[in-house]
Structures are given as structure tokens and as C-alpha cells.
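Heads up: the protein sequence lines correspond to chains A and B, in order.
For the first sequence, the numbering used here gives the first residue as 2, with consecutive numbering after it.
For the second sequence, the numbering used here gives the first residue as 375, with consecutive numbering after it.
To be clear, the hints were calculated from the coordinates, so they are not data collected in a lab.
Incorrect hints may appear among the rest.
Unchecked claim - Computed list of lysine-lysine pairs in DSS-like fashion (alpha-carbon distance at most 30 Å, straight line):
hint, chain 1, residue 1, chain 2, residue 2
1, A, Lys155, A, Lys182
2, A, Lys77, B, Lys741
3, B, Lys741, A, Lys155
4, A, Lys77, A, Lys155
5, B, Lys452, B, Lys422
6, A, Lys201, A, Lys182
7, A, Lys180, A, Lys131
8, A, Lys155, B, Lys589
9, B, Lys589, B, Lys741
10, A, Lys201, A, Lys180
11, A, Lys77, B, Lys589
12, A, Lys224, A, Lys180
13, A, Lys134, A, Lys180
14, A, Lys201, A, Lys155
15, B, Lys741, A, Lys213
Said to hold, decoys possible - If you want a taste of the chain A side facing chain B, the calculated C-beta under 8 Å gives, among others:
hint, residue
16, Arg48
17, Ala85
18, Leu92
Quick reminder that beta carbons are idealized off the backbone N, C-alpha and C, glycines included.
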Amino acid sequence: MSDVQVRDLTKRFGEFCAVDHLNFSVAHGEVFGLLGPNGAGKSTLLRMLTTIVPPTEGTALVNGHDVVREPNAVRKGIGVIPQALTSDLDLSADENMRIYAQLYGIPPSRSRRTAEELLTAVDLIQWRDKPLKMYSGGMRRRLEIARGLVHEPKIFFLDEPTTGLDPVSRTAVWEMLAKLKRERDLTIIVTTHYMDEADKLCDRIAIVDHGKLVALDSPIRLKASIPGRNVIEASFSSIPEGWEATLRALPEVAELKAVPPVFRLSSNNGPATITALMEATRAAGVSVASLSVQSTTLDDVFMHYTGHQLRDALQAPAPRQVMMRRMSN
Amino acid sequence: MIRIWAVIERDLRRFRRSPALITMSLLMPLVQLVFLGYAFGGQIKNLKLGLVDQDHSLSSVRLRAMCQAVAANARTFKTYTYDDLGAAMQDLRDGRLNGVLNIPPNFSRKLHEGTSPTVALMEDNTDQFSSSALGGALQQLLNAFGAKVPAPRLATQATLSVVEIYPYVPYIQYLLPGTIVLAIFISAMIGGGIIFIDDKARGLHEGYLVTPISKLELILGFNLSGVMKAVLSGMVLVTIGSLIAGIPDPFSLFRIARLFLMVLATALALISMMFLIVVRVNDPLLPRAIFGMLNTVLFFPSGAVYPISAFPAWMRAMTTINPFTYAVHGFKELLLKNTSLLAVAPDLLFLVGFSVVALSIATLLFKRTL
Numbered sequence: 002m003s004d005v006q007v008r009d010l011t012k013r014f015g016e017f018c019a020v021d022h023l024n025f026s027v028a029h030g031e032v033f034g035l036l037g038p039n040g041a042g043k044s045t046l047l048r049m050l051t052t053i054v055p056p057t058e059g060t061a062l063v064n065g066h067d068v069v070r071e072p073n074a075v076r077k078g079i080g081v082i083p084q085a086l087t088s089d090l091d092l093s094a095d096e097n098m099r100i101y102a103q104l105y106g107i108p109p110s111r112s113r114r115t116a117e118e119l120l121t122a123v124d125l126i127q128w129r130d131k132p133l134k135m136y137s138g139g140m141r142r143r144l145e146i147a148r149g150l151v152h153e154p155k156i157f158f159l160d161e162p163t164t165g166l167d168p169v170s171r172t173a174v175w176e177m178l179a180k181l182k183r184e185r186d187l188t189i190i191v192t193t194h195y196m197d198e199a200d201k202l203c204d205r206i207a208i209v210d211h212g213k214l215v216a217l218d219s220p221i222r223l224k225a226s227i228p229g230r231n232v233i234e235a236s237f238s239s240i241p242e243g244w245e246a247t248l249r250a251l252p253e254v255a256e257l258k259a260v261p262p263v264f265r266l267s268s269n270n271g272p273a274t275i276t277a278l279m280e281a282t283r284a285a286g287v288s289v290a291s292l293s294v295q296s297t298t299l300d301d302v303f304m305h306y307t308g309h310q311l312r313d314a315l316q317a318p319a320p321r322q323v324m325m326r327r328m329s330n
Numbered sequence: 375m376i377r378i379w380a381v382i383e384r385d386l387r388r389f390r391r392s393p394a395l396i397t398m399s400l401l402m403p404l405v406q407l408v409f410l411g412y413a414f415g416g417q418i419k420n421l422k423l424g425l426v427d428q429d430h431s432l433s434s435v436r437l438r439a440m441c442q443a444v445a446a447n448a449r450t451f452k453t454y455t456y457d458d459l460g461a462a463m464q465d466l467r468d469g470r471l472n473g474v475l476n477i478p479p480n481f482s483r484k485l486h487e488g489t490s491p492t493v494a495l496m497e498d499n500t501d502q503f504s505s506s507a508l509g510g511a512l513q514q515l516l517n518a519f520g521a522k523v524p525a526p527r528l529a530t531q532a533t534l535s536v537v538e539i540y541p542y543v544p545y546i547q548y549l550l551p552g553t554i555v556l557a558i559f560i561s562a563m564i565g566g567g568i569i570f571i572d573d574k575a576r577g578l579h580e581g582y583l584v585t586p587i588s589k590l591e592l593i594l595g596f597n598l599s600g601v602m603k604a605v606l607s608g609m610v611l612v613t614i615g616s617l618i619a620g621i622p623d624p625f626s627l628f629r630i631a632r633l634f635l636m637v638l639a640t641a642l643a644l645i646s647m648m649f650l651i652v653v654r655v656n657d658p659l660l661p662r663a664i665f666g667m668l669n670t671v672l673f674f675p676s677g678a679v680y681p682i683s684a685f686p687a688w689m690r691a692m693t694t695i696n697p698f699t700y701a702v703h704g705f706k707e708l709l710l711k712n713t714s715l716l717a718v719a720p721d722l723l724f725l726v727g728f729s730v731v732a733l734s735i736a737t738l739l740f741k742r743t744l
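One chain only, chain B, in its complex shape (with noise of 0.2 Å):
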């Protein structure tokens, strides 16, 4: 024990002079959390679009003042009228709109008829998410425009009712648990890894295995003292993090708790995969080398980011054997739903036996000699 200590804090008390290791590894996952949320969170504005009306009818007068009506209240997209639609057309291939609205000549005459009157929206969708901005904007006020007035008192169709069980979830929450695990992963890479490779190359660990510590009180102490360091850096992301992205009542004891509980088993878990890792690599360029895929094979697909469901069936097959898609899972539950730990009890127990699974192989591999 005594000797697994010596360990321990020999490396934390080296961490703790080295204050730029720290700032770094904390930095780096809140800018990701700051710039990647607002990036990605916000709302689409200030698409072109450009309306050509070819019927010059009462109807399609109607369909510009919507638009018109749009453009000014939320500025989902601008109006730029057009009397040529090969003109409209040509900017629409330059890059200077979005899309293009055409009113066909005989729009007003078909929605009189009522022989499906159509209007076309031609639309630059190499940009997938504003023209699905545009393309749903437009639906709306389509829907809108075809509206009885006075609307019958009893639906004739039926309709769908959306009930949401939580408020509103901005974007830059949806990323704070993927942030989370990031911080402590990176505070594994630097702190567990790195510092491993780098301490053995120097002849550090020769000093240790001249000493009469045994391969497992090594072990053990390498990965405390990475766990402790990574815990310290995933506690300050959960609290600074979530005064950032406004997660509500973040101070209290009991959700506190819950996600220290988190913090500890994402720690173990990645300290305990770096281990593996590195625990036969001998070369101080490699780690830096694969930690940047590491990163993305890791984080990416662990729904950090973006919803699993959505990801092709061999990425769907990795997450489920990756550590980070349980902790991000974990994360999310306790943070945006603040559930109780039985939600998250899955997780913890995947991460847990990860880790023992992880941490037993790296043992075997472990050589007490140089």
C-alpha cells in the first residue's frame, strides 16, 4: 500500500507543478463545448431566395406577402424578386441564392380549379441543412396558404399532438455530456498515457523497477493516479460546463453526487483503455501519432455529437463495444433528464467491467523488466 502511494503521489505531485498541463487539458473540451455548440445550435437566418412570379395573379400576390411576411418577422430567409426565372436560375447555379421560388403562369387558375396547383422550389441543396431549412420554412407557409378560412370547428384529418417531456434543449447541452467525456478522456491521453510512454522513455521507470514493488502495486499505482487526475478534470467540466450551457440547478448535492459516480467509471474506464493501450509501447512519437484518430474514432461515433440511429451499421456495431457511447449515454440521462442512477445503471456497469476486462489483459501484457 505504502508503496502503491509512493507511486501516486509522485505523479500528482509533478502534475501539480506542471499548472500548463492542467489549463491545456481543461481548456480544450470547453472550447469544443463553446464553439461546436453555438457553431451547430443555432437557428438557419438570412437565406436568399429568390421569387419569381410568372402568374401576376391575385393568388400569387398572396404567396409573396407571405414570404415577404416571413422574410421580416423570422428571418428565416430574404425575398429577392425576380421577373426572369432564367435569370433567377443563373444565380441560383453562381452561389448568390439559396433557392428559388417560381409561381407557374397558371398557378391561380389550377388552385381555382383545384387540379393541384404547384409552385417549385428549385434549391441549392449541397447544403443539406439550409435547404432543409428553406424546403421546411416554405412547406409551413404553403400549408398555411391552403388553409380554410374559416377553419372547420372539428378536424377532418388526423392530427398529431407533440407533447415534449423536458424543456427546450439547446445544442450546446446536447454536446456538454460528449464534452465531459472528452475532458476526461484528454486528461487520460495526457495524464495516463503520454506521460507513461514519455517517463519510461526517459528511464523513469527504470528507477521503479529496481525497486522491490511488484508488477500489480505498479499497476495499480499508475492508474489511481491517472484516475485521480481524470476525475479532477471531468468534475470541473460538469460544473463549469454546466453554468456554461445553463443546464438548471446544477449545484445540488444529490445530482452532484450522481455525477461524480459518472465521472469516476468514464475515468476508469478510459484511464484503464490508455493503459492497454500503451502498456508495451516503447516509442514517445507513437501516442501523439494515434491519439488524434483515437479522438475521432472514439468520440465521434459515440452520439457526442450527433443521435446514434443515424450512424451506418458497422459504426452502430463499434459504438456498442465503445466505452465513450456509454458515457456520453450516461452523461445525458443525468444531465439533461437529471434521472436517478438506476437510468444510468447500465452504463455504470458497462464501464465498470470494461475496465476490469481492460485493465486485467494489460496486466498480463505488463513486463516488469526492461
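Bound conformation, chain A alone (with noise of 0.2 Å):
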């Protein structure tokens, strides 16, 4: 059975309608990527998933619970990281811990080994004494992502954990999930907007624009479903007669631009240019100097199904939003 599964769930604020009839399940062991623009409906679709908003329409079973008709048994097996930090900066690692292992219940004789695994595990453990106003963003999303597993959840919810940090700290913080995942059987359903983050870690990926899914499968899938535009880019050791008419003849090749010795070719087909260039290059007696193949990235599949790759529009602010915001000025 599946660890998530969302039939036509659906959000309305007012009029704005944040997530629009939702349907997918998420398979035990997953990493799930939802992936869409700011104010997508991500985020309204995991405080659903977590019970903290209530949906408009439809249902969502987690864990096999129901949203809205068991909550607290969704809690309990579920850790969430929310993307505003949520630890307490004066407090330190190990009362953070704890404390939030009492909020699921769990009395600190029980929760100690387990923190102090889980703060090994995200390379805290020596700072674990020192309040967290001390710690740098990356270190404090490493011991949120601690904390949300403090009471050993199955499904674990992260809303953009690598929004805001460095390259290194993201890095960081993705080997940490997906260490944990294999040492703890985790379930991870994650928000992000970084495609290449989302293209490396995750098993599949649904692309939310607008509160719908436009797209939904496996990194490798979804870059093979949309219409090929690979750009090779050759030099020769010698450039015969009539080379540039040569290539421009080549099969699916959409453009050429020639800088001698470079040549530019973007092509509908990679792999088929490339056979046919080969075989040219063969024909004509010329060795290639160099080659080099740009294949599909990730935004050229969110481009493809969302029609833009930035987009500024309006949102129904949901109040909370508006306060954060405030609050982050």
C-alpha cells in the first residue's frame, strides 16, 4: 500500500483556488519531489498532507489515516520540517530535542539515545550543548531535520529544506536526508524549486503549476517525455569543402552556428545527429577534435510544462503568509 495517497484534494482561499484537484500517491521507500513556481500551491499541498490545513474537497491518507478524520494518527507517524525555522534560537540542540520529543509524548529517558544518533548522524553532536542562535542556516536546517525525526516518524515532509543556503550547505544537508533515509526507511516528500537538487535525489518528481500537477514521473522519464533540443558543439582536425553545408544536412538538425573550429549544432535528436556526424566525419576523412552533447536539463522540462521559467502573478495571500513575510523584513 502506498505511504501517501491524494485523491482530488483541493484548497480555495476565497476565490484563489491554491491547490486544484490533486491526484497521486507516493510509494513506501520514495523520494518524492514536488517541484513548481513560488505560490504553485506547494506549500498549501504539504500543510494539508500534515494536517495543519484543512482541505476545501477531496481526501489525502497518509500513512493509511485520513487528513482530516484522524489527524492525530497522520502526527504521529509523520515528521514535518516547515520552511520557517521552528527550532527555538535560545534554546540548544539537545532542549530542542527534547522538548519536541515531548510534544509527540516521549519522555526524555526514551528520547535520549535517539537524539543523540540522530545529532550524530547530521554532525551536531559537538555543538549539541550550545544554544542554536550560534549555529549557521546550514547547521540549523541539519538539527530541524534532526528534530523532525525525534519521535522516529516513517514519512517525513520537508517544505524547501535548502531554500537560502549555500551551495555546500545544501549539499550538506542532502547527503544528511539521504543517509538517514537509508539508515531509518524513511518516506521523504519534498518541496523544492532547485531542479538540479531535485533531478540528482529524487525517485520521481510532480511539477505543481497553478495548484495542478502537469507532470509526474521520474527525473530521467520526465527529460526523455519532452521534445529533444540537445546542442552538440564539434571541432575538427581539418575542415573540408562544403563542411557547414554538410552538417546543416545532417539529420534533425535545427540550427547551426559556425565560430571556426567550433561548431554549434542544436538538434531535435541527439543521439541521431551524432550517428549521422560520425558516419559524415568518417565519409569525409576528418577527425573530430572535439565533442561535447548538452542533453535536457530539468528546467527545460519545467519550462516545457509550465510555459515560463519565472513568472510574477498575484496570489491570494493566505494570512500567515503575509505575516511572514512581515516578520523576515
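Now that you have both chains on their own, put them together as the hints suggest.
Right, dumping it as C-alpha cells:
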């Protein structure tokens, strides 16, 4: 059975439809990425799945429990890291871990070992008694991750865990997540707007835009699903007469730009063009000096499905979002 | 239970680590006690009284001499002699004098004839406190002036003999009960209201809501930790304030215990009132805007600075549902009269009842979702 099952899930704030009849399910052990521009409805979706925003329509089962009818059963089995930092900066890592365990009804005597293991896993054990305000952004995020697992949940929800972090911290956060997932047999559901991260780390990706699910598959299949636009850059040992015309005549070439000795071809089908290119060089007795192929990225997939890369749009602000913006200013 | 304690512990630990917040919430009521206490409590002295003697008789000289005696001893006023009433009145209008005492030309004649001799006091009544002090002092003086010498052995008129059953209460002591309630109120405002909304705005509550903690546990956690902080600040004020105001025997164990109960009931009432006010508020700027007004509406009409019986009817109606009124009354009984708990039982009952009602409504309004 799937860990998460979403059927026709919808959330409206007045006129504005933040999440529009979503359907999907997440299998046990998956890393499931929710991708979408700001305001696409990812956070609202996550908040519905974590029981803190009631859906307007539809159902969601988490761990087999309905988020509306059995919210407490859902809460017990999930770990949640909201987008805003919810740990106390004045408290130490240890205190944060212990108090959160208590919120789950776990007495300190039982949570101590788990907390220690988790703090070790996120490399914070040596700073465990220092207040969080002394931590860097990346360290705080890692502590939140450890804290979210202190009651040993099966499903882990993270809302943009790497937003605002530098590249090194981002990598560290993902490495730790991957490690924890292996060690603790977790299902992870994560929102992000970093395409490269989603590409590398997610088993499956759902692209959400305007509250709707526009695509759902593994990163590789998603990339294969859109008309290929590979860019081939090649240079050759010598340039025979009429070479440019030969290259232009290769199958699936859409565009050619020559900056001798480098030729840049845009192809609708990289593999076909390259095969033909190799045959053409052999026939002309020319050898290839350099060759690079850039393949489709998730950015391209995203552009293809959402029709835009970044978009400014007014969104009906949920009251909390307004405040958070004000607080962070 | 373990969950309620987690909410409380988190809140208290954070509070402990912000000493600036603690100091400020205690300092402000103390500053108010000292400055208001001494600003309003003192006797009015050194008012300027112009003397115009148009009579120039033995009697008028005697009256002037008595005025100068007051100026030299009680120092309620200082006298300035004028020859011309017009000049004195001009100085009164220009604010150089607080009042002018005019002894008219026929004063001594009427005095001897017994045909209602009068002296006139023209006073600057824009300052009521000063003018009534001046009028009072001169009235006393004239009573003494007209007294028959020697006094008849048996008074022929009915007289009032006032018996004060408590030691003299200086204004700073009168102010202390209100100050203690104010300290508890400020603590409720900062430790209850502002922190609650700020935490909500920062997303800290989201961290609570995703855990299996129940609505009731959350509400109890928030309010109990608020009460603990408010009780702490109330007890500090009871101790320091009693010392500053000179309340007799401030460290008697039973007295402290009775005061503790009063502090506890007040803290409970004010915290639950605050929680009811902020339970649906999301904007962190709002409390800062309304708390100033709340302070005025609750504190000043509570009898903390001026007796309730002097209020207009609509304000007296407000005082009957204002928890400040009952708290201030309770502390007045306990601090100024050292009464038993029985005397303040109605106050305690009201405060506890108020808390129950406020918390019940707040619980209905509290949403366990975003």
C-alpha cells in the first residue's frame, strides 16, 4: 500500500484556488519531489498532508489515515520540517530535541538515545549544548532535520529544506537526508525549486503549477518525455570544402552556428544527429578534435510543462504568508 | 501532561534567556510607582498669594499677620503685599500669583458691627489642586481669626470628631496596589500576548501544530507559562513595592501567602483575558497598537489612581466588569488594611470566574489549524 494517497485534493482561499484537484500517490521508501514556482501551491499541499490546513475538497490518506478524520494518527507517524525555522534559537540543540520529543509524548529517558544518534548523523553532536543562535543557517537546517525525526516517523515532509542555504550547506543537507533515509527506512516528500537537486535526489517528481499537477514521473523519464533539444559542440582536425552545408544537412539539425574551428548544432534528436555526424566525418576523412553534448535538463522540462521559468503573479495571500514576509523583513 | 509541560518549559527557558525583557517588564511599573507616587502624593507648598489691604485697621493687620505666620510655618503659600488691587489682579491674570486676598475698606467696621464682614479670595482656578489647597488654607485661617477668645467651655454647635482607624496612608502607598496589578498586566501583555502573536507569525506554532498535541494541551501550556511569568513579576513587585512605599511589616509569612493568592488570581484573570484578545490575531503589529489603549481603559478607571466613586456613571459601569477593579480592590485591602482573605473573597471569586469565562471563550475561538 502507498504511504500517501491523494485524491482530488483541493484548497481554496476565497476565490483563489491554491490546490486544484490533485491526484497522486507515494510509495513506501520513495523520495518524492514537489516542484513548482513560488505560489504554485506546494506549501499548501504539504500543509494539508500534514493536517494543519483543512482541505476544501478531496481526501488524503497518510500512512493509511485520513488527514481530516484521524489527524492525530497521521501526526504521530510523520515528521515535518516547515519552511519557517521552528526551532528555538535561545535553546540548545539538546533542549530543542528533548522538548520536541515531549510534544510527541516521549519522555526524555526514551528520547535521549534517539536524539544522540540523530545529532551524530547530522554532525552536530559536538555543538549539542550550544544555543541555536550560534549556529549557521546550514547547521540550523540540519538540526531541524534531526528534530523532525526525534519520534522516529515513517514519512518525512520537508518544505524547501535548502532554500537560502549556500551550495556547500545545500549539499550537506541532502547528503544527510540521503543517509538518514537509508538508515531509517523513510519515505521522503520534499518541495524545492532547485531543479538540479530534484534531478539528482528524487525518485519521482511532481511538477505543480497554478495548483494543478502538470507532470509526474521519474526525472529521467520526464526529461525523455519532452521533444529533445540537445546542443552539440564539435571541432574538427581540418575543415573540408562545403563542410558547413554537410553539417546543416545532418538529420534533425535545427540550427547551426559556425565559429571555426567550433561548430554548434542544435538538434531535435541528439543521438540521431551524432550518429550521422560520425558517419559524415568518416566519409570526409576528418577526425573529431572535440565533442560535447548538452542534454535536456529539468529546467527544460519545467519550462516545457509550465510554459515559463519564473513568473510574477499575484496570489491570494493566506494570512500567515503575509505575516511571515513581514517578519522576515 | 508531558506535552503541556513541554510547551511551558520551552516558554520559560526562552523567557529566562532574555533578561532585558524581564528587567523592563518589572522596571516600568516600579518607575511609575515612584514617580507618580511622589508627583501626586506630596502636600502643595509655596503657592503665591497677593495681599491687598484696603482697610488698614487693627483687624486687617491681624489678619495679614496670620497669613504671614502660615507663610513662615506651613508654607502653603507665600505672601506678596500689594497697595493696589488692580496691580494684584493683573499679576494674577499673568500667572505670577495663584490667588489674591483682598481686605475691603469697611472690613473692620463690619467686623465690629457684626454685619457679615467679608474678605475676598480671587484665585486662578485653572489649577484645581492649587486653588483648593489655597482656599482650604485660607478658610482654616479665617475660622481661627473669627474664633471667640477665650472659647466657650461647652461648644454650642454640633461638631464632628473624625477617628482614623488606619495609620496615615501616603499617596505612594495608595498607588502600590494598582502598580502591582499593572506589573502583572505588563507581564501578561509581553509574556502572554506579544510572544504568542510573534511566535505565531514566525511559524513557531506551525511546529506545534504538526505534533499530536491537543488543542486543550496547547492552550493550557500557553496560559500556564504566562501565569507563572506574571506571578513571578507580581511577587517581585509586592516585595520591592512594599519596601519602597513603606508598607509596615512586609515580610510576615501569612501576609505574603495571602498576597500570593491574590497575585495568582490576578495573573490568571489577566493572562486569560490577554489570550482571549490575541487568540485570533495574526498581525504582530496589532498588539503594539492596542496595548497602549488597553492600558488606559483598564488601569486608570480601576480605582488604582483615583476613587471609583468620582467616576461618571458609564465609567462606573465599566469598572464592574474590569478585572483590574477587583484586583486593585483586593490588593488595597490586603496591603493597606492587612485584612483576612475573607474580606477579599468576592474579589478572588470574580477573578477566578472571569478567567474561567475568558478561557472558555478563547478555547472555542482557538483554531488548531493554520
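Hints and how they fare:
For the hint pairing Lys155/A with Lys182/A, the CA-to-CA distance comes to about 10 Å; that is within 30 Å, so the pair holds. Only pairs whose Cα atoms come within 30 Å are accepted, and Lys77/A paired with Lys741/B is accepted, the gap being roughly 20 Å. Of the supplied pair hints, the one linking Lys741/B and Lys155/A holds, its CA atoms being roughly 27 Å apart against a limit of 30 Å. Note on Lys77/A and Lys155/A: the hinted pairing holds, with a Cα-Cα distance of about 9 Å set against a maximum of 30 Å.
A distance of roughly 5 Å separates the Cα atoms of Lys452/B and Lys422/B; the hinted pair therefore holds under the 30 Å criterion. A threshold of 30 Å between alpha carbons decides the hint, and for Lys201/A with Lys182/A the separation of about 15 Å falls inside it, so the pair holds. The straight-line distance between the Cα atoms of Lys180/A and Lys131/A is roughly 24 Å, inside the 30 Å bound, and the hint therefore holds. Taken as a hint, the Lys155/A and Lys589/B pair is honoured in the structure, with Cα atoms around 24 Å apart against an allowance of 30 Å.
At most 30 Å may separate the alpha-carbon atoms for a hinted pair to count; Lys589/B and Lys741/B meet this at roughly 8 Å. For the hint linking Lys201/A to Lys180/A, the alpha-carbon distance of about 14 Å falls within 30 Å, and the restraint holds. Annotation: proposed proximity of Lys77/A to Lys589/B holds, straight-line Cα distance about 15 Å (limit 30 Å). Our distance criterion of 30 Å between C-alpha atoms is met by Lys224/A and Lys180/A, whose separation comes to about 26 Å.
In summary, the hint linking Lys134/A to Lys180/A is supported, as the alpha carbons are separated by about 26 Å, within the 30 Å threshold. For the proposed pair Lys201/A and Lys155/A, the alpha carbon gap of about 22 Å is at most 30 Å, so the pair holds. Taking the CA atoms of Lys741/B and Lys213/A, the gap is about 28 Å. The hint holds against a cut of 30 Å. With 8 Å as the threshold, the beta carbon of Arg48/A comes within range of chain B, its nearest partner Cβ sitting at about 6 Å, so the hint holds.
Interface restraint check for Ala85/A: the shortest CB-CB distance to chain B comes to about 3 Å, inside 8 Å, so the restraint holds. The beta carbon of Leu92/A is positioned within 8 Å of a beta carbon in chain B (closest approach about 6 Å), and the interface hint is therefore held.
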